[in-house]
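Visitor: Spelled out, the chains give:
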Amino acid sequence: MGLDINDLKNQHLDVLKEVGNIGSGNAATALAKMLNKKVDMGVPSAKVMEFKEVSDILGGAEVEVVGIILEVEGDLKGEIMFMLRLDAAAMLVSILMNQDISKLDEFDEIHISALKEVGNILTGAYLSALSLLTKMTIVPSVPSLSIDMAGAILSVPAIEFGKVGDTVLYIETEFIDGLNKVVGDFFLIPDMDSYEKLLKALGVIS
Amino acid sequence: MNNIIRVGMADLKASKHPCMITTLGLGSCIGIALYDSALKISGLAHIMLPYSNFIKNNSNIAKFADTGIKKLFSDMVNMGSKKRNLTARIAGGAQMFKFSQMSEIMKVGLRNAEASRKILEELEIPLLAEDVGGSYGRTVELYSSDGKFVIKTIGHGIKDI
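If you're matching them up, the sequences are chains A and B in order.
Under my numbering, the first residue of the first sequence is numbered 466, with each subsequent residue one higher.
Under my numbering, the first residue of the second sequence is numbered 100, with each subsequent residue one higher.
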């Protein structure tokens, strides 16, 4: 229990960034398969920030975003959340369903379920990369989706991080499809014991 | 309104009249507004968790309902507020995601609301109104001229409590 996320050193961050890199690389491949087109990926960035700054992720606390969260069981316990802006989500659904959806009120149940599936595939790809890397068994639950203010969605991972420290760790990933950029954020939220297990499995702490 | 004060997550602020204090996008967190009707001093706290004593890492006292509300109260007393002139309003405590099994993480909004009510009761500050629960985010604004507490949402209307 000697671990404090406030003290995460640069070296730890580099490892977590690499995890993000492999995880989201896997996710980009999964997305490309799903969309049946080439999807490029920007270099992900792992960031640690204070709660006060958290709501500025993705353009402000009141920006409407889509959050997809899955509970994680197995060797690693906690949650994983994927968050993207509403316009990016609409674009993804448009490509996926081959129709134009540019407004929220046009999202119906089928679109929501398509988005859940995107979240499922992306987080699944991310987690399987992590599982391969750490040899940990990671079993995600079915996804739950919410469309609301970024601040409100972010409060869910922030509160979990709040139990162990005063900072939030997240990995930002950029998916690029031709001229369109989809920026999404992954929040891996291991519970306190799993955090240490994870860093140990990655060889960061002994 | 020129004097707009922003309160972040796990943050609190108190100010003299005239001002509008706001916190954006409350989810499972709670916004606690204290208002002194005599001096028109207003204060807003944005708490994330109910109690500080269950948490190992508790250096940021604005993070918890117990320590956060007490700090806001003492800040306002230091600015000249009398306890008998103070009233409270709270908003937030939503459950942003739904799961088949109701796990601990999902119930935190309700526990935050309960803890906030209890601390206000301990401090003997009357809770005039609340808008808590549901599954949607809230932005709140507290106006120093009359203590009006405005709650804005996406798709769930605007309220004035």
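Just so you know, not all the hints are guaranteed correct.
Beta-carbon label-pair distances, calculated as ranges [unchecked claim]:
(1) B:Val-176 x A:Ser-578: 18 to 28 Å
(2) B:Phe-153 x A:Ser-671: 27 to 37 Å
(3) B:Ser-234 x A:Asp-540: 46 to 56 Å
(4) B:Arg-105 x A:Met-562: 17 to 27 Å
(5) B:Tyr-150 x A:Glu-515: 19 to 29 Å
(6) A:Asp-658 x B:Ser-244: 45 to 55 Å
(7) A:Ser-559 x B:Ala-228: 39 to 49 Å
It is worth saying that the hints were derived from the structure and are not from the lab.
None of these values were measured; they are calculated from a predicted model.
Ideal Cβ placement from N, Cα and C applies to all residues, glycine included.
Visitor: Could you run down the list of hints and mark each one as holding or not?
Guide: Results of checking the hints against the structure:
1. Checked against the given bound of 18 to 28 Å, the beta carbons of Val-176 of chain B and Ser-578 of chain A, roughly 53 Å apart, lie outside it.
2. A hinted range of 27 to 37 Å holds for the C-beta pair Phe-153 of chain B and Ser-671 of chain A, which are about 29 Å apart.
3. Checking the proposed 46 to 56 Å range against Ser-234 of chain B and Asp-540 of chain A shows it is violated: the Cβ atoms sit about 31 Å from each other.
4. For the pair Arg-105 of chain B and Met-562 of chain A, the beta carbons lie near 39 Å from each other, so the given range of 17 to 27 Å is not met.
5. The beta-carbon spacing between Tyr-150 of chain B and Glu-515 of chain A, approximately 21 Å, falls within the hinted interval of 19 to 29 Å.
6. Distance hint for Asp-658 of chain A and Ser-244 of chain B: a CB-CB separation of about 50 Å, consistent with the stated range 45 to 55 Å.
7. The beta-carbon spacing between Ser-559 of chain A and Ala-228 of chain B, approximately 42 Å, falls within the hinted interval of 39 to 49 Å.
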